[in-house]
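There are 2 protein chains.
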Amino acid sequence: MAARSLQEPIRIAMLGCGGLGKAAAQIIGMKRECRLVAICDSTGYALDPDGLDTETLAALTTDIASGYRRPARRSPLAARSAAAGVATASGLDIAAADDPLQELLERAELFDAVFVALPNLPNEFIPSVTQRFLRRSTGLVYVDVLKRTGAVAQMYALDDQVQRARSVYLTGCGATPGLLSAAAVLAAQSFITVESVEIWWGVGIANWAQHKATIREDIAHLPGYTVERAKAMTDAEVDALLEQTNGRLELHHMEHADDLLLERAGVVDRRAQVEVGGVMDTRHARKPVTTTMTLTGITFEGRRSSHRFVLGDETTMAANVIGPALGYLKRGAWLRDRGVHGVFGSTEVLPMVMR
Amino acid sequence: MAARSLQEPIRIAMLGCGGLGKAAAQIIGMKRECRLVAICDSTGYALDPDGLDTETLAALTTDIASGYRRPARRSPLAARSAAAGVATASGLDIAAADDPLQELLERAELFDAVFVALPNLPNEFIPSVTQRFLRRSTGLVYVDVLKRTGAVAQMYALDDQVQRARSVYLTGCGATPGLLSAAAVLAAQSFITVESVEIWWGVGIANWAQHKATIREDIAHLPGYTVERAKAMTDAEVDALLEQTNGRLELHHMEHADDLLLERAGVVDRRAQVEVGGVMDTRHARKPVTTTMTLTGITFEGRRSSHRFVLGDETTMAANVIGPALGYLKRGAWLRDRGVHGVFGSTEVLPMVMR
Numbered sequence: 001m002a003a004r005s006l007q008e009p010i011r012i013a014m015l016g017c018g019g020l021g022k023a024a025a026q027i028i029g030m031k032r033e034c035r036l037v038a039i040c041d042s043t044g045y046a047l048d049p050d051g052l053d054t055e056t057l058a059a060l061t062t063d064i065a066s067g068y069r070r071p072a073r074r075s076p077l078a079a080r081s082a083a084a085g086v087a088t089a090s091g092l093d094i095a096a097a098d099d100p101l102q103e104l105l106e107r108a109e110l111f112d113a114v115f116v117a118l119p120n121l122p123n124e125f126i127p128s129v130t131q132r133f134l135r136r137s138t139g140l141v142y143v144d145v146l147k148r149t150g151a152v153a154q155m156y157a158l159d160d161q162v163q164r165a166r167s168v169y170l171t172g173c174g175a176t177p178g179l180l181s182a183a184a185v186l187a188a189q190s191f192i193t194v195e196s197v198e199i200w201w202g203v204g205i206a207n208w209a210q211h212k213a214t215i216r217e218d219i220a221h222l223p224g225y226t227v228e229r230a231k232a233m234t235d236a237e238v239d240a241l242l243e244q245t246n247g248r249l250e251l252h253h254m255e256h257a258d259d260l261l262l263e264r265a266g267v268v269d270r271r272a273q274v275e276v277g278g279v280m281d282t283r284h285a286r287k288p289v290t291t292t293m294t295l296t297g298i299t300f301e302g303r304r305s306s307h308r309f310v311l312g313d314e315t316t317m318a319a320n321v322i323g324p325a326l327g328y329l330k331r332g333a334w335l336r337d338r339g340v341h342g343v344f345g346s347t348e349v350l351p352m353v354m355r
Numbered sequence: 356m357a358a359r360s361l362q363e364p365i366r367i368a369m370l371g372c373g374g375l376g377k378a379a380a381q382i383i384g385m386k387r388e389c390r391l392v393a394i395c396d397s398t399g400y401a402l403d404p405d406g407l408d409t410e411t412l413a414a415l416t417t418d419i420a421s422g423y424r425r426p427a428r429r430s431p432l433a434a435r436s437a438a439a440g441v442a443t444a445s446g447l448d449i450a451a452a453d454d455p456l457q458e459l460l461e462r463a464e465l466f467d468a469v470f471v472a473l474p475n476l477p478n479e480f481i482p483s484v485t486q487r488f489l490r491r492s493t494g495l496v497y498v499d500v501l502k503r504t505g506a507v508a509q510m511y512a513l514d515d516q517v518q519r520a521r522s523v524y525l526t527g528c529g530a531t532p533g534l535l536s537a538a539a540v541l542a543a544q545s546f547i548t549v550e551s552v553e554i555w556w557g558v559g560i561a562n563w564a565q566h567k568a569t570i571r572e573d574i575a576h577l578p579g580y581t582v583e584r585a586k587a588m589t590d591a592e593v594d595a596l597l598e599q600t601n602g603r604l605e606l607h608h609m610e611h612a613d614d615l616l617l618e619r620a621g622v623v624d625r626r627a628q629v630e631v632g633g634v635m636d637t638r639h640a641r642k643p644v645t646t647t648m649t650l651t652g653i654t655f656e657g658r659r660s661s662h663r664f665v666l667g668d669e670t671t672m673a674a675n676v677i678g679p680a681l682g683y684l685k686r687g688a689w690l691r692d693r694g695v696h697g698v699f700g701s702t703e704v705l706p707m708v709m710r
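Quick note, the sequences are listed as chains C and V, same order. Residues in the first sequence are numbered from 1 upward in steps of one, following our numbering. Residues in the second sequence are numbered from 356 upward in steps of one, following our numbering.
By construction, these hints were calculated from the structure, which means they are not laboratory data. Where hints are given, some of them may not hold.
What the hints assert, rightly or not - Covered stretches of chain C, going by a simulated chain V footprint (3 or more residues, C-beta under 8 Å):
{"no.": "1", "region": "313-320"}
{"no.": "2", "region": "329-336"}
To be verified - FRET-style restraints, in silico, Cβ to Cβ:
{"no.": "3", "chain 1": "V", "residue 1": "408", "chain 2": "C", "residue 2": "338", "range": "30 to 40 Å"}
{"no.": "4", "chain 1": "C", "residue 1": "302", "chain 2": "V", "residue 2": "562", "range": "54 to 64 Å"}
{"no.": "5", "chain 1": "C", "residue 1": "289", "chain 2": "V", "residue 2": "550", "range": "46 to 56 Å"}
As the list claims (entries may be wrong) - Among chain V residues calculated to face chain C with C-beta under 7 Å, some are:
{"no.": "6", "residue": "544"}
{"no.": "7", "residue": "606"}
{"no.": "8", "residue": "653"}
{"no.": "9", "residue": "657"}
{"no.": "10", "residue": "707"}
{"no.": "11", "residue": "709"}
Every residue gets a Cβ at the ideal spot worked out from N, C-alpha and C, and that includes glycine.
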C-alpha cells in the first residue's frame, strides 16, 4: 500500500464492538486526524470509506453486539458509498455475516490501520486474527490493548510475519500496559539501576454490563480462576461473584505484560521486579483507589529514590486505554511511512534505556 | 559512516566539561552500552578510541576546564591508542589546542555520537558548533540538553542540514525540557483537549561553583536580567546576588522550550498554555521543592482532570538531565540505523498525540 500523506486522516478499522470498541468509536469521532471506516464483531460488520458517522454507529454497534441477524439492508451510508464509486459488497455497507473478518479483509484497501479491541480470551484469539490480516494485506498499522503477558508474548512471535507484510504492530498500548509502562520507561532514565516498578490501578464503572469482557479478564486473575473458567461464566454467575465482594475485585500479582514490556525495554532485568495490582469497583463510577506507577531505583550517586506517575481520579478506563492506543497508532503510521516495520511494545517507541 | 551494530557500545564525544559534562562522563563510565571516547572544551581536548578511563578523565576535565595550557604531553592513554594503530594528532590524545573542536572534527570517524553539554550562552553558540560538525561529518547522532525556547528553535532550523548529513539531532533532552515534557506527552493521551501544562522544579546544589553555567542560565530568567548580562557576571557578582536571596533563585514564567516542544508534539495549541518555573537553592543539596509536571485537560466524557509526574526528591539535577539525554541518544542511534534522519525534539520520539 502506498504511504498516504499524514495530512489525510488515518482510516481505522475497528475489530470488536464491546465496551471498549464503542468508546473507541466515540473518541475517534472526536478526532480530525483519524476516521473510523470499518467495524466488526463476530456477527457482522459495517464499512463506510467516508467514515461511519456517530449516530449510525451508535445504533449499529448495538445491533452487532447483540447479535445482528437481520437481512442486509441499505443504509443512508450505502448511498454515500455508492455515490463515491467505492466497491462494497452488493452495495451494502452494513451487514450480518458468517465471517465478518473476511468481509473486512476483502476491503483492506479502504483502511490504513487496525485497532484491535477484541476480547483477549483466549490468548490465541488475537494472534490468529492478526495472522489472517498479515497473510492478506501489506502496509497496515495495528494497535492492540492486550494486557496479559502471555498474550503480548504471542504478538512478539509474529514479528517476522509483520516485517514481511511491511507492517507495524504495536502491542500492549492501553493504560497498563501502555500509558503506565511508558511512564516507567521515562522514570527509569534518572537511575543507574531500577529496583522495582509498582503499578496500582483503580477503575470504577457504574454498570459492568458495559464491559463484560474486561470484567471477565479481571476475574481470571483471582486466585482459583483461569482464563477459560472466567470466559465460561454466565452473566448471572458474574453477578453472583460480585455480590460476594460487594461489587469489588481486588487483584494482586496480576499476570500483566508490563513485566515483559519493561524487560524488553531494559528497564528491569527480571520480570519479578514488576508488580501489577488494582481494585475494580463494578458499582460506582468513582475510582476506588488512585492509579499510580511508582518506579524505585538507585541513582549514579548511589541514592535510592522513586519517581511517580499519577492519573487523575476523574479519568476513566476508557479515556486512559483508548487515548494512548490512538497515540501509539499514530506513531505506528509514522514508523511505517519511514520504512520501519515489525512488532513493537508500548515501551519501545520512547527514549531508550542506556544500560 | 556505516551503521555499527547495536551490540557495540555507542562511542560518544562530549562537547563541554563543566559540571554537566563531568557528571555525564561519570555516568557514561557506569554504562556498558556507551563509551566516552572524546571530550573537549574551549581550551583543549582528550581522545581515546578505547574509552577515556574515569581516573584520567577526572584529572583531565579539571585540567581542561581550568584552562589547560601546558604543552601537549604523552599520557598512558596515548600509548594505548598508538598500539591500537589509531591515528591521533602526533600520537597524542590529550592536548591543549587553539581550536579543540577542529581537533575532534578531524577524528570524527572515531565516534558515533555527540553529547552537547556546552553552556547555552549565547543561544547561537551551539547551533554554530553543530554546523561545523554537520559540514564535516555524516551519520552522527547528536543530543543536547538545551533549555531556552529560542535555543531549541535554532536547532530545528538546522533540520535540512541534519538530513543532508544523514544524521539525527535530538534537542531539549534534559530534565525540563526532556523528561518532564515527555511525561506531558504521555499524560496528554488521556484527554481530548489539554488546558495547561505546569512544570515546577526544585534543584538543590551544595556548591554552585560546580554549576557555573547553569546558575547563570537561571539568573538570566530573573526580572531585569538578560542572557548577556548574566553571562557577563563575575563569580563575585553572582555571589553578591545570591547573598541577597539567601542563596535561592525563584523563577516564574521561564522562557523554557517545553512550550515549543509541546506545541510541536500537538499537546498544546498555544505556547502560553505551558508554564515553567522553579526554585534553585545554591546552598543546600536538598531540593527546596518537589519537581512536578501537572497536565490538566478535558476527557472525551467532558471531565476535567490532571495527571501528574513527580520526581523523587533524592534525585539530582545531574541524574535527571544526563540519564534522559543518554536515553534519547540511544533512540537517536536507533533511528539513524533505520535511515530516519532530521532534528527531533524530546517530545517527538514518543507515542504521538492523535488530534
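Taking the hints in turn, this is what the structure says about them:
1. A stretch counts as covered by a chain when three or more of its residues have a beta carbon under 8 Å from one of that chain; for the region 313-320 of chain C and chain V the count is 7, and the coverage holds.
2. As drawn, the region 329-336 of chain C meets chain V at 4 residues by the rule of a beta-carbon pair under 8 Å; at three or more, the given contact holds.
3. A hinted range of 30 to 40 Å holds for the C-beta pair residue 408 of chain V and residue 338 of chain C, which are about 38 Å apart.
4. Restraint check, residue 302 of chain C to residue 562 of chain V: a C-beta distance of roughly 19 Å breaks the suggested window 54 to 64 Å.
5. Here the CB-CB span from residue 289 of chain C to residue 550 of chain V is close to 25 Å, at odds with the stated 46 to 56 Å.
6. Hint status for residue 544 of chain V: holds, given a least beta-carbon distance of 4 Å to chain C, under 7 Å.
7. Nearest Cβ of chain C to the Cβ of residue 606 of chain V: about 22 Å, over the 7 Å cut. The hint is violated.
8. Hint on residue 653 of chain V is violated. Least Cβ distance to chain C is approximately 10 Å, over the 7 Å limit.
9. Taking 7 Å as the C-beta cut-off, the interface hint given for residue 657 of chain V is violated, the closest approach to chain C being about 10 Å.
10. For residue 707 of chain V, the shortest C-beta to C-beta distance to chain C is roughly 4 Å, which falls under 7 Å, so the interface hint holds.
11. Nearest Cβ of chain C to the Cβ of residue 709 of chain V: about 4 Å, under the 7 Å cut. The hint holds.
Figure legend: structure checked against the earlier numbered hints; hints not met, in rising order: 4, 5, 7, 8 and 9.
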